[in-house]
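Just need the whole structure built from these sequences, with the hints factored in.
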Amino acid sequence: MTVRIGVVVFPGSNRDIDAVNALEVAGAEPVILWHEQASLDGVAAVLIPGGFAYGDYLRAGVIARFSPVMRSVAAFADDGGLVLGICNGFQVLTEAHLLPGALLRNRGLRFVSREVEIAAERLDTPFTHLLGERRALRMPVAHGEGAFHADAATLDELEANGQVLFRYVHDDGSRAGGEDDRANPNGSLRAIAGVLNAAGNVAGLMPHPETAVEAVLGSDDGLGIIASFVASAAERERAGGRAAVAVGAR
Amino acid sequence: MTLGVRFAVNVSPKPGILDPQGRAVEGSLGHLGIAGVSAVRVGRRVELTVEAADETAARAVVERLAAELLSNPLIEAYEIEVLGAASSTDSERAPSDGGAGAGARAGAGAGAGA
Numbered sequence: 005m006t007v008r009i010g011v012v013v014f015p016g017s018n019r020d021i022d023a024v025n026a027l028e029v030a031g032a033e034p035v036i037l038w039h040e041q042a043s044l045d046g047v048a049a050v051l052i053p054g055g056f057a058y059g060d061y062l063r064a065g066v067i068a069r070f071s072p073v074m075r076s077v078a079a080f081a082d083d084g085g086l087v088l089g090i091c092n093g094f095q096v097l098t099e100a101h102l103l104p105g106a107l108l109r110n111r112g113l114r115f116v117s118r119e120v121e122i123a124a125e126r127l128d129t130p131f132t133h134l135l136g137e138r139r140a141l142r143m144p145v146a147h148g149e150g151a152f153h154a155d156a157a158t159l160d161e162l163e164a165n166g167q168v169l170f171r172y173v174h175d176d177g178s179r180a181g182g183e184d185d186r187a188n189p190n191g192s193l194r195a196i197a198g199v200l201n202a203a204g205n206v207a208g209l210m211p212h213p214e215t216a217v218e219a220v221l222g223s224d225d226g227l228g229i230i231a232s233f234v235a236s237a238a239e240r241e242r243a244g245g246r247a248a249v250a251v252g253a254r
Numbered sequence: 005m006t007l008g009v010r011f012a013v014n015v016s017p018k019p020g021i022l023d024p025q026g027r028a029v030e031g032s033l034g035h036l037g038i039a040g041v042s043a044v045r046v047g048r049r050v051e052l053t054v055e056a057a058d059e060t061a062a063r064a065v066v067e068r069l070a071a072e073l074l075s076n077p078l079i080e081a082y083e084i085e086v087l088g089a090a091s092s093t094d095s096e097r098a099p100s101d102g103g104a105g106a107g108a109r110a111g112a113g114a115g116a117g118a
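If you read the sequences in order, they're chains A and B.
Under the numbering used here, the first residue of the first sequence is numbered 5, with each subsequent residue one higher.
Under the numbering used here, the first residue of the second sequence is numbered 5, with each subsequent residue one higher.
Keep in mind that the hints are not guaranteed to be accurate.
To be verified - Non-contacting residues of chain B with respect to chain A, defined by C-beta distances greater than 10 angstroms in every case (computed):
#, residue
1, 6
2, 7
3, 24
4, 25
5, 28
6, 35
7, 36
8, 37
9, 51
10, 56
11, 81
12, 86
13, 87
Unchecked claim - Simulated coverage check for chain A against chain B, where a stretch passes if three residues somewhere in it have a Cβ under 8 angstroms from a Cβ of chain B:
#, region
14, 61–75
15, 103–110
No wet-lab data here; the hints were simulated from the structure.
Using N, Cα and C, we set each Cβ at its ideal position, and we do this for glycine too.
Next comes the structure, spelled out in structure tokens:
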């Protein structure tokens with residue numbers, strides 16, 4: 005049976021259809037989860053797509069955090085459910101404290117929309133296990149607030165715990181530098197492009213693997229990430245873990 | 005009987021957090037022919053009216069809002085100012101219409117996308 009994966013849609017989400025397409029390419033059945041619904045409809049995993057949820061008012065992601073669907077996603081994540089946040093979805097997950105750190109205004113102040121390269125720092129996670137090897141993966145970024153920030157002690161802790169999941173890299177796979185290095189599009193500290201929570205079931209990244217899943221889109225380097233997520237969700241479902249049909253009260 | 009108190013919450017980037025907006029403002033000063041200005045930090049000011057039994061209770065509401073919603077404690081600090089008793093000219097909308105409440109949208113439309 006095809007694994008069902010939720011795609012959360014907020015007012016202002018705009019990469020939801022890309023997420024739906026990527027999940028279909030990876031062999032999953034996407035299920036739209038509207039922001040006002042508390043039920044996760046029994047999906048095996050949740051993807052929070054990019055966009056400008058609630059207009060990104062106040063701070064990107066913060067108002068989305070308090071939506072009914074996000075309260076259920078938080079409970080799902082606490083229960084070990086797989087959650088992947090892309091771009092604005094990553095911002096939502098940091099604001100919801102499901103992922104460490106914060107995403108600040110790009111250091112160059114500009115909205116950056118172009119292709120970058122990232123590499124997975126770990127190949128043994130639910131989000132990266134099908135990548136096979138560490139290499140530069142080409143995919144787009146499109147954001148104004150993507151500079152990953154945490155204090156030095158937290159950054160050291162993330163490194164020590166293996167929670168740095170993706171870094172911006174040069175095309176030879178070497179780590180990008182600071183804000184003056186074009187390979188680091190937003191000035192993220194330690195060139196961090198994506199992180200994992202301590203339990204390893206929630207991940208977020210600023211670049212868009214879901215829009216790099218077919219050669220016709222310019223790159224299919226993102227498919228390994230989406231396919232890993234889908235395969236892990238299917239595995240977890242077979243093992244008996246899935247979202248409750250209704251979490252909390254409406 | 006409740007009391008309407010007008011507050012301001014000033015949110016600013018914490019010391020040590022790079023503030024690219026502040027840096028951009030600073031970078032523009034040369035064009036104005038202004039010298040001697042440094043350490044520009046750009047923040048946000050949110051004004052709001054709270055109806056509560058007394059000022060202490062109203063302040064507790066603002067503290068919670070400031071810490072949970074209006075600022076991100078990882079990167080921002082906030083200060084709360086009491087502006088005084090609320091008046092009808094504080095906002096474009098009358099205080100009774102509930103327009104400022106973040107919870108106003110909750111409830112309706114559940115399941116519409118399922």
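Hints violated by the structure (numbers, ascending):
3, 4 and 5
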